[in-house]
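Q: Here's the letter readout for the chains.
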Amino acid sequence: MSAFAVRGTAETPGVPPGGPVKGLPWAVLRLHRAALLVWGAFLLAALGMLVWEVEITADSVRDRMAACERTGGGLCRLQNLTDYSSTIGWASTLVYYSFFAVAAFAAGALIGRELENGTAQLAWTQSVSPTRWLAVTLAVPAVLLTVGGTVFVFVFRWAWAANRDLMGDDWTFNDVFAARGPALVAYGFCGLGVGALAGVVLRRSLPALGVACGVMYLVNHNLEKYREDLWPAVTPAPTKGVEMSQDVWQIGDGTGRFHPRSHYWPMHLVETGIVLGVAVLATGAAFWVLRRRTA
Amino acid sequence: MSRVGDGTALTAVGLGKRYRRRRGHVLRDCSFRLPTGRICALVGPNGAGKSTLLQLAAGLIRPTEGTLTVLGTSPAAARERFAYVAQGKPLPLQLTVAATLRLGAELNRARWDQPAAERIAYGHPTEQGARDGALEPTARIRSLSGGQRTRVALALAFGKRPELMLLDEPMADLDPLARRELLGALLGEAAEHGTTIVMSSHVVAELEGVCDHLLLMGGGRIRLGGDPEELLAAHTLVTGPARDLTGHTVVESRDTGRQLTALIRPGGPPSDDWQTAAPTLEELLLAHLRNPKAPDLFTEDTEAGEEKSGSEAEGTKEAEETGKPGETGEDQENEENARA
Numbered sequence: 007m008s009a010f011a012v013r014g015t016a017e018t019p020g021v022p023p024g025g026p027v028k029g030l031p032w033a034v035l036r037l038h039r040a041a042l043l044v045w046g047a048f049l050l051a052a053l054g055m056l057v058w059e060v061e062i063t064a065d066s067v068r069d070r071m072a073a074c075e076r077t078g079g080g081l082c083r084l085q086n087l088t089d090y091s092s093t094i095g096w097a098s099t100l101v102y103y104s105f106f107a108v109a110a111f112a113a114g115a116l117i118g119r120e121l122e123n124g125t126a127q128l129a130w131t132q133s134v135s136p137t138r139w140l141a142v143t144l145a146v147p148a149v150l151l152t153v154g155g156t157v158f159v160f161v162f163r164w165a166w167a168a169n170r171d172l173m174g175d176d177w178t179f180n181d182v183f184a185a186r187g188p189a190l191v192a193y194g195f196c197g198l199g200v201g202a203l204a205g206v207v208l209r210r211s212l213p214a215l216g217v218a219c220g221v222m223y224l225v226n227h228n229l230e231k232y233r234e235d236l237w238p239a240v241t242p243a244p245t246k247g248v249e250m251s252q253d254v255w256q257i258g259d260g261t262g263r264f265h266p267r268s269h270y271w272p273m274h275l276v277e278t279g280i281v282l283g284v285a286v287l288a289t290g291a292a293f294w295v296l297r298r299r300t301a
Numbered sequence: 078m079s080r081v082g083d084g085t086a087l088t089a090v091g092l093g094k095r096y097r098r099r100r101g102h103v104l105r106d107c108s109f110r111l112p113t114g115r116i117c118a119l120v121g122p123n124g125a126g127k128s129t130l131l132q133l134a135a136g137l138i139r140p141t142e143g144t145l146t147v148l149g150t151s152p153a154a155a156r157e158r159f160a161y162v163a164q165g166k167p168l169p170l171q172l173t174v175a176a177t178l179r180l181g182a183e184l185n186r187a188r189w190d191q192p193a194a195e196r197i198a199y200g201h202p203t204e205q206g207a208r209d210g211a212l213e214p215t216a217r218i219r220s221l222s223g224g225q226r227t228r229v230a231l232a233l234a235f236g237k238r239p240e241l242m243l244l245d246e247p248m249a250d251l252d253p254l255a256r257r258e259l260l261g262a263l264l265g266e267a268a269e270h271g272t273t274i275v276m277s278s279h280v281v282a283e284l285e286g287v288c289d290h291l292l293l294m295g296g297g298r299i300r301l302g303g304d305p306e307e308l309l310a311a312h313t314l315v316t317g318p319a320r321d322l323t324g325h326t327v328v329e330s331r332d333t334g335r336q337l338t339a340l341i342r343p344g345g346p347p348s349d350d351w352q353t354a355a356p357t358l359e360e361l362l363l364a365h366l367r368n369p370k371a372p373d374l375f376t377e378d379t380e381a382g383e384e385k386s387g388s389e390a391e392g393t394k395e396a397e398e399t400g401k402p403g404e405t406g407e408d409q410e411n412e413e414n415a416r417a
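Those sequence lines, one after another, are chains A and B. Heads up: the first sequence begins at 7 in this note's numbering, then just goes up one per residue. Heads up: the second sequence begins at 78 in this note's numbering, then just goes up one per residue.
Hint data in this document are derived by calculation from the structure and do not stem from the laboratory. Think of the CB as a built atom: it goes at the ideal place given N, C-alpha and C, for glycine as much as any other residue. Wrong hints could be hidden among the right ones.
As the list claims (entries may be wrong) - Just a few of them, taken from the derived set where beta-carbon distance is under 7 angstroms, the chain A residues facing chain B:
{"#": "1", "residue": "29"}
{"#": "2", "residue": "32"}
{"#": "3", "residue": "33"}
{"#": "4", "residue": "35"}
{"#": "5", "residue": "37"}
{"#": "6", "residue": "123"}
{"#": "7", "residue": "124"}
{"#": "8", "residue": "125"}
{"#": "9", "residue": "127"}
{"#": "10", "residue": "131"}
{"#": "11", "residue": "132"}
{"#": "12", "residue": "133"}
{"#": "13", "residue": "134"}
{"#": "14", "residue": "301"}
Start from the sequences and build out the full structure, keeping to the hints where you can.
A: Written out as structure tokens, the structure is:
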């Protein structure tokens, strides 16, 4: 026939070079390599900042505050304290709210863009069914979020507790509340699930990105607003006065009710459960929509 | 490679598709049968539903009504055995050509033919070295021209070693040289492995002389189906004094005063005072497209289990019938063609 004809080489199907990651997971990592690198750099920077602050900066802050004592400058003391406290606060705030970035990535790049420009359909007409494509496409970042998030939670718990005398925050702060437990990872899953649903439904990256971030804002905003209602608060005994410790979460409705510190885990786990519930519902809906649409 | 299934590559029965409830049907009441081993041209005007039909066959979308059988089973179950190249030739822009072929290998670990894919992507080096526009493995998809992307998309299709290739406008971006190369590769694949090839196009001339099966789409259904030679033989172009055409099926007639020009399916011998001529394929297709009321015609019974010999690589007509479906005679014939 033609010189271009393909000779019979079907007997030896080309097996791609081996490696720890093969098949569709390899494809997901390769297609989103840039995002993976950015996320890795961000996480390492946050972890590095925490370790640096605790191990290096804390001592020098103490030295400088001692110097402030000698000169008698209260402002100087406060400034040093704020520097240390706010750096650690920034790390937890950025990592906590990175679920917005996860939702934007899942909706815009991971699902929406692939469906929009047809590379998802390209995978489906290779030997990968749409269901398996969605499952693996979500599972790979979910595994990374679990590992990265867990490492961050433990490092943050250590860094937050290391120098309490230098920190101006307490456990009721929004970012501290979320970043000291599994809710941090749950928010990442929720961003992934909501982003996947928005991407599958809208099939266009930019609208999906906007909708996913909007939904995540609603979920997060309402949970933060009603966080104090996630567990029944303690009503103080009328004989004792209102406890004014730093360690309690005073509910600002004038009744004097409060959350003692022991309520942290129940409240935190209830919030984690709600966020995981949203994540599961959104992911399930994404699979349902995709299966209904494709053969 | 032996083919499995019942000797039918595609069967549609009452297939329909509409995208939005309020909008009309893109496909409606579409029925046809494509035997295996054919090189099939799917032609029709823009918006006739060619891409929708191919997407349905590729399992990317679900039909609103009717059924479509691919290689004897559902599109989802046949996923590993067919290849599909979409009209827009979508590829991950951030990958290199080599990484794209690796992607094909990773997604088809069970049946990937790397040399076949590389031959399509990089071409055969000639004595003068690589030809103009040859692809570099390290080139990013982003930097490629439309035609070069088509080569990579086709390389993914060939690397999969499919039994059925569904190609949506594969020629549109290719230069004449690349077009010849691609056609040669497709014909070689069909001859050597008995691969069924479905190519859509709105340019009829592009596929004339290459295909041995024709599906004309219009109004969301298949208007004409079968061997192009037989379809042509069933029609006659007549010119003569205006008169009654009863007894013949009139596809199109133009009355210019006393002179009448008509494309008919003769129901008997034409009158002596008529000049008759064989229509070209283009005339045949255009006449049907201009007249949606002309009855549909299939040269082979869409329901019949009989199948005709495949692989008429040079467009020559071979009308021998292999009586029993799925008989090995067809494969032997393909091998003979390959050796020729």
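Q: Now look at each hint and say whether the structure bears it out.
A: Outcome of the hint check:
Against a cut-off of 7 angstroms between C-beta atoms, the interface hint on residue 29(A) holds, since the closest Cβ of chain B lies about 5 angstroms away. Interface restraint check: residue 32(A) against chain B, minimum CB-CB distance 5 angstroms, threshold 7 angstroms, status holds. Interface hint at residue 33(A): satisfied, since its Cβ lies 5 angstroms from the closest Cβ of chain B, which is below the 7 angstroms cut-off. With 7 angstroms as the threshold, the beta carbon of residue 35(A) stays out of range of chain B, its nearest partner Cβ sitting at about 10 angstroms, so the hint is violated.
For residue 37(A), the suggested interface contact is upheld, since its CB lies about 5 angstroms from the closest CB of chain B, less than 7 angstroms. For the restraint placing residue 123(A) at the interface with chain B, the shortest Cβ-Cβ distance is roughly 5 angstroms, inside the 7 angstroms limit, so the hint holds. The beta carbon of residue 124(A) comes within 3 angstroms of a beta carbon in chain B, closer than 7 angstroms, and the hint placing it at the interface holds. This hint holds: residue 125(A) has a C-beta 5 angstroms from the nearest C-beta of chain B, less than the 7 angstroms allowed.
Of the supplied interface hints, the one on residue 127(A) holds, with its beta-carbon coming within about 5 angstroms of a beta-carbon of chain B, less than 7 angstroms. With 7 angstroms as the threshold, the beta carbon of residue 131(A) comes within range of chain B, its nearest partner Cβ sitting at about 4 angstroms, so the hint holds. Using the Cβ-Cβ criterion of 7 angstroms, the hint placing residue 132(A) at the interface with chain B is satisfied: the shortest such distance is roughly 4 angstroms. About 4 angstroms separates the beta-carbon of residue 133(A) from the nearest beta-carbon of chain B, less than 7 angstroms, and the hint is met.
With a least beta-carbon distance of about 5 angstroms to chain B, the hint placing residue 134(A) at the interface is held under the 7 angstroms criterion. Because the smallest distance between the Cβ of residue 301(A) and any Cβ of chain B comes to about 4 angstroms, under 7 angstroms, the interface hint for this residue holds.
Hint 4 from the list above is the single one not met by this structure.
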